[in-house]
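Chemist: If you want the building blocks of each chain, they are given just below.
Protein chains: 2
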Amino acid sequence: MRNVNAAEAAGLLAQKDRILILTHRNPDGDTLGSGFALLHALQHLGKTARVVCNDAIPPKYDYMRKGITEQVFEASFVVAVDIADTKLLGAKLCEAYGGRVDLCIDHHLSNTKYADALFLEECAATCELIYRVIQALGVEITPEIADCIYTGLSTDTGCFRYSNVTPETLELAAEMLRKGADFDEINRVMFETKTKTYLKLEALVLDALELQFNGCCAMVVITQEMFRKSGSNESECDGIASLPRKIEGVEVGLTLREREDGSYKVSVRTYAPYDASRICAKLGGGGHARAAGCEIEAGALEAGKNRLLDAVRSELETP
Amino acid sequence: MRNVNAAEAAGLLAQKDRILILTHRNPDGDTLGSGFALLHALQHLGKTARVVCNDAIPPKYDYMRKGITEQVFEASFVVAVDIADTKLLGAKLCEAYGGRVDLCIDHHLSNTKYADALFLEECAATCELIYRVIQALGVEITPEIADCIYTGLSTDTGCFRYSNVTPETLELAAEMLRKGADFDEINRVMFETKTKTYLKLEALVLDALELQFNGCCAMVVITQEMFRKSGSNESECDGIASLPRKIEGVEVGLTLREREDGSYKVSVRTYAPYDASRICAKLGGGGHARAAGCEIEAGALEAGKNRLLDAVRSELETP
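For the record, the sequence lines run as chains R and P.
Following this note's numbering, the numbering of the first sequence begins with 16 at its first residue and continues without gaps.
Following this note's numbering, the numbering of the second sequence begins with 16 at its first residue and continues without gaps.
Derived from the structure by calculation, the hints contain no laboratory data.
Hints may be right or wrong, so weigh each one.
Given that identical chains are not distinguished, each listed pair holds provided it fits within a single copy or across any two copies.
To be verified - Here are the computed lysine-lysine pairs in the PhoX-like style, where the Cα-Cα straight-line distance is at most 25 Å:
1) Lys62 - Lys215
2) Lys75 - Lys194
3) Lys75 - Lys211
4) Lys107 - Lys215
5) Lys320 - Lys211
6) Lys209 - Lys261
7) Lys261 - Lys215
8) Lys211 - Lys261
9) Lys244 - Lys215
10) Lys320 - Lys81
11) Lys62 - Lys297
12) Lys31 - Lys128
13) Lys211 - Lys297
14) Lys128 - Lys194
15) Lys280 - Lys320
16) Lys62 - Lys31
17) Lys128 - Lys261
18) Lys102 - Lys215
19) Lys102 - Lys280
20) Lys128 - Lys320
21) Lys75 - Lys244
All of these numbers come straight from a predicted model, not from anything done at the bench.
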């Protein structure tokens, strides 16, 4: 593995063709925004390229495909965007490409350095790095690219609310508005719209919320039964991980979402000085200081909750 | 009345002393951010000045007073910030100062031009105009001023979500981060923290939500009884006006809040092309294209709701 900068990453891409862009499973606005922004730029350069994802891409992101030509080909260069660990590719993609990632562009300091070349910098969104690669490729920022980059910036920062925002994040967002990003509609879809089914789910979740450690920690467990009862599903739940931390006095918010196979996806959100990635590391996960994730295996919910709460207790005691 | 620009507004302030800064009743982050930013700047210039408000200022805004000297004096120059109409001063302040406002700095195109000199430009937040006046006064932006300006920018845009955001709004926010605004803590207090009482209120409100016009319009009525039942109060309700519009398919959201005197404060939020200020104008109110307000008198709820829904119908039919 060698570290590369934006110009070197662009240099690698410029030399290659038949480029496969991998996004992470349970895809979010930053991995998709990064993938599709890069895809737009590469196709603009006349290259054959494609974005793939282990999981279905929710239809709300369809606008990112505007102007894209669907291309089928045997990959000769593999790029992973916003993916800290090959495990996050999902089973199918991990098996096919986990061992042959040529370039990774990522903003997670917890990156496991699985790629041949790694362009890694800590910033609010991987899209900030993708923007620099596209600039280095000499491709003009079209409104379509601006939409993708803006999406990554806004979704990874809770629409510019979280502590990961920097002046550069806001300035790049301003630049994407100037380049024609349809920010109003993107914000509406990503942040302002709640389905009736999601609102039902939120009510069930809030009802089952548990406070721990004198109200410093709030935990919600979202079961498959809650999804059934509300008619909601995982794809509507992007924002739910930030819910427990919103309660006054809560410093650490825990969201456990049951998957269909009975395992749990755990999202941890903290306020300074508490470190979410340190909590998740104790359960084999990782991420950022204020937002991180880990897993609980099927059938091990109670044991997993206890390990998680132990990790939270030790973080609250010695942050 | 004469229109002035930022330099002329600064010129007027530079000449005067014993400056009283009026903020609007039921104060929000933009009127207070504007008022306190200007107060910091004027006191920095050695002037005697003070911010007043008809209503109690919620304690969550206390950070804006950091470094301010409380000064009591007979006003010789009166400035109104973020106030479109003297009615919005509230009864006491309107009686005392409604007829003698020397300078108004405001971003509402519906401004009734009640002041001797008016610095008016449509932008996301009055704080954008205040920043330009402070620059014209030659005062350096301290972290305290940056906190105030950032608060106005973020609270009037739903933390940079709404369609009123421009590249300039985001760039000014970036500049405020560089000047030391404690944006993380401000966002936490303004957007991320919900009290348990507010969450209870939200559940009651969502339960009573009515959909109109095939789901294009959602209306919530927040009664004093709901405040009593939940233990919440008006000062916790800044964000509630955006709630009805969040439901999928809703283009016009109506929030009616009962005051202690039985009258209702009506907030209207729309998506393009529907014009909230046109709806409110039919009930004697005003505001912006996507966010506006009006009143319903005590005892006239049913008649007022009907007039409001008529205004919504005609807006939905011919936007």
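Chemist: Hint by hint, note whether the structure agrees.
Modeler: Against the structure, the hints:
| no. | hint | verdict |
| --- | --- | --- |
| 1 | Lys62 - Lys215 | neither (45 Å within a copy, 54 Å between copies) |
| 2 | Lys75 - Lys194 | within (21 Å within a copy, 37 Å between copies) |
| 3 | Lys75 - Lys211 | within (16 Å within a copy, 32 Å between copies) |
| 4 | Lys107 - Lys215 | neither (33 Å within a copy, 43 Å between copies) |
| 5 | Lys320 - Lys211 | between (30 Å within a copy, 24 Å between copies) |
| 6 | Lys209 - Lys261 | both (17 Å within a copy, 6 Å between copies) |
| 7 | Lys261 - Lys215 | both (18 Å within a copy, 14 Å between copies) |
| 8 | Lys211 - Lys261 | both (21 Å within a copy, 10 Å between copies) |
| 9 | Lys244 - Lys215 | both (8 Å within a copy, 21 Å between copies) |
| 10 | Lys320 - Lys81 | neither (43 Å within a copy, 42 Å between copies) |
| 11 | Lys62 - Lys297 | neither (43 Å within a copy, 56 Å between copies) |
| 12 | Lys31 - Lys128 | within (21 Å within a copy, 63 Å between copies) |
| 13 | Lys211 - Lys297 | neither (37 Å within a copy, 30 Å between copies) |
| 14 | Lys128 - Lys194 | neither (33 Å within a copy, 36 Å between copies) |
| 15 | Lys280 - Lys320 | within (12 Å within a copy, 45 Å between copies) |
| 16 | Lys62 - Lys31 | within (8 Å within a copy, 65 Å between copies) |
| 17 | Lys128 - Lys261 | neither (34 Å within a copy, 40 Å between copies) |
| 18 | Lys102 - Lys215 | neither (32 Å within a copy, 40 Å between copies) |
| 19 | Lys102 - Lys280 | within (13 Å within a copy, 52 Å between copies) |
| 20 | Lys128 - Lys320 | neither (29 Å within a copy, 61 Å between copies) |
| 21 | Lys75 - Lys244 | within (23 Å within a copy, 38 Å between copies) |
When the structure is compared with the earlier hints, violations turn up for hints 1, 4, 10, 11, 13, 14, 17, 18, 20 and for no others.
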